[in-house]
Amino acid sequence: MLHPTEYVPKSYHPRVSTYWWLGRWAYAKFILREISSIFVAWVVVTTLLQVRALKAGPAAYAQFQAWLATPWVLVLNAISLFFVVFHAVTWFNLAPKAMVVRMRGKRLPAAAIAAPNYAAWVVVSATVLWILLRG
Amino acid sequence: MANRIELRVKRYHPENDQEPWFESYAVPLRKEWVILDALNYIKDHLDGSLTFRWSCRMGVCGSCGMDVNGVPKLACATFLTDCAPGPVRVEPLKNFPILRDLVVDISDFLVKLADAKPWIIRKVEKPLEEEYLQTPEQVDAYKQFSMCINCMLCYAACPVYGLDPLFSGPAAIALAQRYNMDSRDQGAGIRMDILSQHEGIWGCTFVGECTKVCPKHVDPAGAIQQYKVTSSIEWLKSLVLPRGAE
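Chains as they are written, first to last, in our numbering: chain Z, 1 to 135; chain C, 1001 to 1246.
Just so you know, the hints here were simulated from the structure itself, not pulled from any lab data. All figures in this text were calculated on a predicted structure; none of them were measured in a lab. Treat the hints with care, since some could be wrong.
[Said to hold, decoys possible] Computed Cβ-Cβ distance ranges for the label pairs, DEER-style:
#: 1; chain 1: Z; residue 1: Arg102; chain 2: C; residue 2: Ala1114; range: 26 to 32 angstroms
#: 2; chain 1: C; residue 1: Gln1186; chain 2: Z; residue 2: Thr127; range: 45 to 51 angstroms
#: 3; chain 1: C; residue 1: Gln1138; chain 2: Z; residue 2: Val128; range: 41 to 47 angstroms
#: 4; chain 1: Z; residue 1: Gly23; chain 2: C; residue 2: Leu1110; range: 24 to 30 angstroms
#: 5; chain 1: Z; residue 1: Ala115; chain 2: C; residue 2: Pro1020; range: 16 to 22 angstroms
#: 6; chain 1: Z; residue 1: Leu129; chain 2: C; residue 2: Leu1166; range: 46 to 52 angstroms
#: 7; chain 1: C; residue 1: Ser1146; chain 2: Z; residue 2: Asn77; range: 55 to 61 angstroms
#: 8; chain 1: Z; residue 1: Glu34; chain 2: C; residue 2: Phe1079; range: 32 to 38 angstroms
#: 9; chain 1: C; residue 1: Ile1233; chain 2: Z; residue 2: Val128; range: 45 to 51 angstroms
[Stated by the list, open to error] Here are the simulated PhoX-like cross-link-like pairs (lysine-lysine), alpha carbons at most 20 angstroms apart as the crow flies:
#: 10; chain 1: C; residue 1: Lys1031; chain 2: Z; residue 2: Lys97
#: 11; chain 1: Z; residue 1: Lys97; chain 2: C; residue 2: Lys1228
#: 12; chain 1: C; residue 1: Lys1123; chain 2: Z; residue 2: Lys97
The C-beta atom is built at its ideal place from N, Cα and C for all residues, glycine as well.
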């Protein structure tokens, strides 16, 4: 039998454009989700810097807070908030694809997998908010 | 409703053309007609040289996959009225070399499909008189993945496959998973060696478009993510129990 790669007729090989992701909203959304990881990393770095400033004493912490209040950091953090929320929402929505949970022989619907993720997110956020507002 | 609709069809004749070009045709806009009917009308009445694949006309054979207005679709399952008022852009499936007009070279997919070993592998075959019985639950575990008709719409929708042709691709992995989930199969370990490579499941960045364009609701994106979980568990097992992971 002829192996499928043995006969190679003349053909046109289209090239994938660098801007392939601009053609469809679904692709653009995927690229935004990938880019969101940069902003997630930024939030992690900011949090680590905050812990370091906290350890260094009140003066260092006040200086860190002043830096947080500078316009460019405010803008960057606002953008980061958007991307971190976007990252979390898309992640939770994708979770049911990877997790197959069967109960009584039937697969649980996607909403039943995503809902506990959202619930946990709300509980953790509410706890953090409670700790912050209490002080 | 207008009585005609314009189809802009991508043409490529390897003996004359350096690259593809578009040709427009006006075809009757009938509510019961799909893109495939329009293409057959063109071939019968307007231009006999137009080349495209088709067979069953009913979404079973998977031959007539093409890009309609930039989205991979089965030409036999895409109604003209849903594309009205037009013009409708009809192109060969993306990410494959074009052989002629709407016909693409599927050799790469055939090789990848065979590599995934989409058949039941047994370590020991039962005697011919014995049956391999399955419960409805056991059938249910793989049935969704078994609906694949090899139409390759998922490959056309997958930007990872477009950018990295070494990637095994959605359908091949979904079909591997179809047999891995089959209670009669014992070949999961053999398939794991091929599909756990970087070009296998780990090439997938979970764009998810393969699942959206699948005409048979196979959910290849789900299959790949589930395979990633299985592969990770197997890797962990091999770390904890290097000699007795099975």
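Right, here's what the structure says about each hint:
Hint check: Arg102/Z to Ala1114/C, Cβ distance near 31 angstroms, so the stated range 26 to 32 angstroms holds. Taking the beta carbon of each, Gln1186/C and Thr127/Z are about 48 angstroms apart, inside 45 to 51 angstroms as hinted. Between Gln1138/C and Val128/Z the Cβ separation comes to about 45 angstroms, which falls inside the hinted range of 41 to 47 angstroms. Between Gly23/Z and Leu1110/C the beta carbon distance is about 28 angstroms. The supplied range of 24 to 30 angstroms therefore holds.
Range check, Ala115/Z to Pro1020/C: Cβ separation about 47 angstroms, and the 16 to 22 angstroms hint is violated. Here the CB-CB span from Leu129/Z to Leu1166/C is close to 47 angstroms, well matched to the stated 46 to 52 angstroms. The hint said 55 to 61 angstroms for the Cβ distance between Ser1146/C and Asn77/Z, and at roughly 49 angstroms that hint is violated. Restraint check, Glu34/Z to Phe1079/C: a C-beta distance of roughly 35 angstroms satisfies the suggested window 32 to 38 angstroms.
Under the hint 45 to 51 angstroms, the C-beta atoms of Ile1233/C and Val128/Z, about 32 angstroms apart, miss the expected range. The hinted pair formed by Lys1031/C and Lys97/Z fails the criterion: a straight-line CA distance of about 36 angstroms is larger than 20 angstroms. A hinted pair counts as satisfied when its Cα atoms are at most 20 angstroms apart, and Lys97/Z with Lys1228/C qualifies at roughly 11 angstroms. Proximity of Lys1123/C to Lys97/Z is assessed by CA-CA distance (about 31 angstroms); at most 20 angstroms being required, the pair is judged violated.
Hint compliance for this structure: hints 5, 7, 9, 10, 12 are broken, all remaining hints hold.
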